[in-house]
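Read off the chains here:
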Amino acid sequence: MTELLSLTGIGKTYGTVRALEDVSLTLRTGEISCVLGDNGAGKSTLIKIIAGLHRHDEGTFTVAGEEVRLDSPRQALDRGIATVYQDLAVVPLMPVWRNFFLGSEQGHKRWGGLRIDADGMRATTRRALADMGIDLPDVDRPIGTLSGGQRQCVAIARAVHFGAKVLVLDEPTAALGVKQSGVVLKYVTAARDAGLGVVLITHNPHHAYLVGDHFTLLKRGRMAGSHARAEIGLEQLTTEMAGGSDLAELSHELARPTAPPADLAHPVDPAHPVDPAPADPADPADPADPADPAEERPQP
Amino acid sequence: MTELLSLTGIGKTYGTVRALEDVSLTLRTGEISCVLGDNGAGKSTLIKIIAGLHRHDEGTFTVAGEEVRLDSPRQALDRGIATVYQDLAVVPLMPVWRNFFLGSEQGHKRWGGLRIDADGMRATTRRALADMGIDLPDVDRPIGTLSGGQRQCVAIARAVHFGAKVLVLDEPTAALGVKQSGVVLKYVTAARDAGLGVVLITHNPHHAYLVGDHFTLLKRGRMAGSHARAEIGLEQLTTEMAGGSDLAELSHELARPTAPPADLAHPVDPAHPVDPAPADPADPADPADPADPAEERPQP
Amino acid sequence: MSSSDVLVQGRERPAALRRLAGRPELGALIAAVAVFLVFAAVAEPFLRVSSFGTVLYAASTIGIMAVPVSLLMIGGEFDLSAGVLVTTAALTSSMVSYQLTAVTWVGVLVSLAVTLAVGLFNGWMLSRTKLPSFIVTLGTFLMLTGANLGVTKLVSGTVSTKPISDMEGFASCRWLFASEVTVGGLTIKATVWWWLGLLLAGSWVLLRTRFGNWVYAVGGDAAAARAVGVPVARTKTVLYLFVGFGAWVLGQHLLFSFDTVQSGEGVGNELIYIVAAVIGGCLITGGYGSVVGSALGALIFGMASKGIIYAQWNPDWFKFFLGAMLLLAALLNTWVKRRAERGPR
Amino acid sequence: MSSSDVLVQGRERPAALRRLAGRPELGALIAAVAVFLVFAAVAEPFLRVSSFGTVLYAASTIGIMAVPVSLLMIGGEFDLSAGVLVTTAALTSSMVSYQLTAVTWVGVLVSLAVTLAVGLFNGWMLSRTKLPSFIVTLGTFLMLTGANLGVTKLVSGTVSTKPISDMEGFASCRWLFASEVTVGGLTIKATVWWWLGLLLAGSWVLLRTRFGNWVYAVGGDAAAARAVGVPVARTKTVLYLFVGFGAWVLGQHLLFSFDTVQSGEGVGNELIYIVAAVIGGCLITGGYGSVVGSALGALIFGMASKGIIYAQWNPDWFKFFLGAMLLLAALLNTWVKRRAERGPR
Amino acid sequence: GCSSTGGRRAEEARAKASATAGGAVTTPRWKVAMVTHAGAGDAFWDTVRKGAEQAAAKDNITFLYSNDAQTQNQVQLVQAAIDQKVDGLLVTLAKGEAMADVLGKAKAAGIPVITINSGQEFSARFGALTHIGQDESTAGQAAGTELAARGRKNVLCVIHEQGNVGQEQRCGGARGTAGGAFQVLYVDGVNMPDARAAVSAKLQADPAIDTVLTLSGPMAATGLQAIQDARRPVELDTFDLGTQVVSGLKAGTVGFAVDQQPYLQGYEGVDLLWLYRSNLDMLGGGKPVATGPQILTKDDADALAEYVARGTR
Ligand SMILES: Nc1ncnc2c1ncn2[C@@H]1O[C@H](COP(=O)(O)OP(=O)(O)OP(=O)(O)O)[C@@H](O)[C@H]1O
Ligand SMILES: Nc1ncnc2c1ncn2[C@@H]1O[C@H](COP(=O)(O)OP(=O)(O)OP(=O)(O)O)[C@@H](O)[C@H]1O
Ligand SMILES: [Mg+2]
Ligand SMILES: [Mg+2]
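Chains as they are written, first to last, in our numbering: chain A, 387 to 686; chain B, 387 to 686; chain C, 462 to 806; chain D, 462 to 806; chain E, -8 to 304.
Wrong hints could be hidden among the right ones.
As the list claims (entries may be wrong) - Chain E side only, calculated, beta carbon under 7 Å to chain C, not exhaustive: (1) Leu176; (2) Asn182; (3) Ser191.
Just so you know, the hints here were simulated from the structure itself, not pulled from any lab data.
Computed from a predicted structure; not experimentally measured.
Each residue gets a CB set at the ideal place from its N, CA and C atoms; glycine is no exception.
From just these sequences and the hints, can you work out the full model?
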């Protein structure tokens, strides 16, 4: 397990907004590192720094032991960092297959790579999407006419297809249906097994715990916790993610059809902390929750 | 429970793509109707017809008993239909508060409503967001600089704030953290309790089952099922959503670190259907899964 | 709900500072000051009070149109016909009064109806055909250019209108559109007041009314605006009507200050109006900008083009200097904005 | 994995049909045919073989520039300096040859270097300053206009260049840039071949190379393109170099066919190039369009402007007719495209 | 409401006496094309065209007019006229060399050509029957001489279309003979308020200027306004006529105007082509025919007023 990436004391300011402060993260080969946190905690910002989309203002960022300050996503890609962005980074008016290969176009051999191999690229795109359960007979459609989830699948399939040493995914399963989510998680583990390092952002603690080896928690741009898988259980992770506040309490409230609408202004009552439901991590035969397969992966 | 909306045999074609065919849906006051389906099944298309963003090609659409063919979102809004779109429908360069009130600006009394009440609108926006757990001291920031989840919260807060008779939500919790998701679900039930009708799209069967009164399943643009809450259990719903394929099986595969990456092409094995985990709907004291509060709402 | 339960999304710098830095016109203001200082340094006559009046006049004739044009650009559209529409306004007013032998006010009012009709046509074509405004207004531009000439020749028999200064109503019209007051050597023309009025009205509408909110929205993302119920087509049409109104004002000034009007005038000015708006901070893609900025843009253009004359630079290179000045002003503008956004460290 | 397990996302109509309907130039093609038919019906001389040569020539002088300009627009940028850059190219070539008393080829090569340098400057300014291309190239436009005049006056003492037809190399240059062949009454000028060559090359690059993919991407969404590793700045700069190349070709044609060059020309042509591109289906906001479409746009413009002459319509109304034709062509264009997209029922 | 002064009614009252008689020639209906380098809506060229149209009406000629300020477009327009198989061609040669090829084609097609207005030195070389007009440099020199005679010391020549050869030649000619200091100012001729501000700016910047020389009727009117704005006793002189130039001459605000009788250029061009076709006549035996320069002053103003108002002078 060699070190692929390492961020130490990273800070980032947008204009007058301090989005990240003193965040550290290390990624090794064959490891899945999950980044968790509330909305606006700075997860996407962290990803964008790794992907070369933004430069960090403070701290050091090393790739394969060498300190870098990436100026463009090209540099990140050249260092083997493939990224799926939360806003997907697709060009709406371009056909699906052109989007799929954008920046990594495949050349015809005969033309010395100058002429692109459109048919080959179409076929590859169709295949890669079919593998995710999306059958798109006409990959010449502008990608802007696809549904939100279909677009997400294209972006993920692209990163996986061209993924080199590090795969970075920003909420890949957010817009996906049950089946597609499963496929994506499977890709993630397959990538890990192939020796890649994966940085995964998700709001779903079950998804995270299912595949993650390391968990970093962000809160208002600062690290609120960093745990190896061995140090933390699903329940604890879930509680930390929810900021310690009580969501079971919410279920109670939801259950009360008499709750006055005026109460809307105070949806979460912090006064009632409860213990989240214990999961059963031991029995692999126990059929897991299909939507959020909470089953624990045995340590290799 | 009067009927608010009713769609019968609705069909819609985009250019050469048949997105919806013969879909029916009825919504009554104080009811939450969930629409479920795979990526690209046509859920957003259905929502857009209800919201007046697209016109349906076939079938009839009645609002409050009157047959309509909506030409613009304005007409839908005027009929009391407030919508949160999957792509949010915010104007990135505009300040948060202007986006919040866009189309429903609040006028100063003194100026006969001509002059807008900017400070009042700022305060209202700040309050509505704080209620969702988002503290944004500067609502003058362009909304494009907010994080994905923050933007989602603004869009939801807007629809709830101006919500009239029907609230339509397209995957509102997709990009949200644990806490924000809970808040949104709470809003949804509060709206229902206030006598509104709600159409809710989500990929999360737990979220759906937690609040839904009726479930419509879409598959490749056609109805694959339509069930009242009484007719269907969480397990059955989850299985139907997953297209009957086995996701527990996926958990098995994920658990095998030796799975060859070549296997990626066949992520889901349809040959092994399993019974999903049974939920415990009976005990309200049982602390529910904080991320996906699976607790059943007692029937009133 | 305890405040600790509320997520503070990052920590922010003082909002007031950020708000100033975020103003679209900040850069233009500093660029305007810079251009002023440059010419104040190199051109001695530039600082005279009388010169100030001349520069102000030049700026006002651009600025009157830059106000509605910048609003239109914030609304995400172009108007290439704005330049010749001014001429159309002047020609119509003159020819109607002359041919009907009517009090000039009749021509003035008919002219207003015509310019508003052209604005309506532009807006209607745009929303009905969904063509880009560049094409629609280019069509209108060519058609107006042709019609200006064709109608004038048809009616007057020549390419310019007949003098109307001996007609009734001319004096009062002139007072409204083309008079001037001199205070302590500074001559202020009527256009400056019109400019100021339009500027205040436009700025107020943009920032303080519901319609202004819609303007930002239709320019920033028309689809999103439509989705939340903003009447996109109507908003854009009203913006074209504004342009028509501005063209009417400037056209009347042209007529009542020059008495006769050449039918071939106005071509190319539309670009100057757009430049003023863009220098003033309007995004060419819409959704961002300010009316005050457009005024600063007009001022920069007026100062640069007249400053070069005061400085007596080689006239062969006039356009070269003008281009370089504009580029430098625009550069300074963005540089300032970027610095300001980054904020103090 | 069984095929039934794969979601078919909606059911689609035959892709071939949809693909034809989706071509940006389909509408322009039908509009071109319509314009042709109109003038064939009303203007008897329009159908003569010799007239066809004239129309083709007129179209080619627009089309040569419309090819790179449309590529640039697909890449999301404008070039307002394209019109005067042609004049710059001709002036440079002529003056260098004359002043050095060198073989005209020397001037031709220096001119190429100059136009490419201007393209480089535009691209560099754009990517370094992040200013909108409208402003950057407007600056270049004004500066070039000024420099054309200033340098010509400085060097030649007048506003036009000296004749160079008696210089060595003129004949061969003329053959390359301004010769003509007559086949059965139809005179085809060298510009037509250049146009055809640029058209094929441009179309091939756009549709069949990696660079073409980048052009679509930087125009469609520069941020997304950058995120997946497309060198946005470099792509746009290369597009400006293309424009420089086109201007060089057309400039050499002007010089070697007219012998002398007026320094004040070319202003306003940049809009015609943009019009050709837009009529041909390019989106003004970038990311969509075709090179073949720009050729059809040039053809429509050439046919309309010369057809009006052949039809002997009142020249006073020339621009009016031209504007109306353009608007109708654009309308027909969108109407066809929308019909085609809706598909057969 | 109605205006009791001015307007169309007044004009009609003035023009009661004027009537036009239709000519009668027996020649077949020929087609003559005129292609000029004029910009759109230029008053000077409108007068040229009026003369040509008048002669065409008299001589039973179909008259085709087209114009474009850009060399390549003007060449294309000449080519289009040749395509239309006209019986005669009138061309301006502002861009001399550029026309060589296309005029060769006209000759090859057997179309008689007469050049008008500018380009006297190329006319014979390109095989034109004759040249009718006035060299711009000559006109400029005449203006310069007049300026010198009036003792003007510091002249500002206002070019309203930068890079226009004819305008440069006018200013250049005047500079050569005017004697005193001579400066050039470029303004935008289609933006009168801006042009006005530019001229007054120049007058404010350089107090030594005592004369403004404009190159067209409309620019003269704008120049007068600028002089007013600058509040300085500056004389305005101009090329070409216009209603405001004549009233200026009358009022003494305009010193003199250099005229080249544009109506005559158009009229004679068509008429000479007709004469050539019907009788093989050629005025002056093919030597250039000069239509100017004519210096007009206050004394001529009254006589000119009527014709200028009508748009034929
Ligand atoms: N504007 C459009 N033009 C053409 N096809 C479209 C357009 N919008 C959607 N489609 C197609 O219609 C089908 C249904 O899309 P829709 O967006 O309704 O799906 P969805 O159920 O919302 O999916 P998701 O869960 O991924 O958001 C898809 O096949 C999609 O590609
Ligand atoms: N371009 C920007 N300009 C200014 N502020 C920004 C910008 N992008 C993000 N921010 C701010 O930085 C903070 C972190 O944003 P970020 O997008 O990293 O959050 P996130 O953790 O990805 O949230 P989510 O889960 O909602 O996607 C937020 O307060 C956000 O408003
Ligand atoms: Mg994010
Ligand atoms: Mg959707």
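Evaluated hints:
With its C-beta approaching chain C no nearer than about 6 Å, E/Leu176 sits inside the 7 Å limit, and its interface hint holds. This hint holds: E/Asn182 has a C-beta 6 Å from the nearest C-beta of chain C, less than the 7 Å allowed. For E/Ser191, the shortest C-beta to C-beta distance to chain C is roughly 5 Å, which falls under 7 Å, so the interface hint holds.
In this structure, none of the earlier numbered hints is contradicted; all agree with it.
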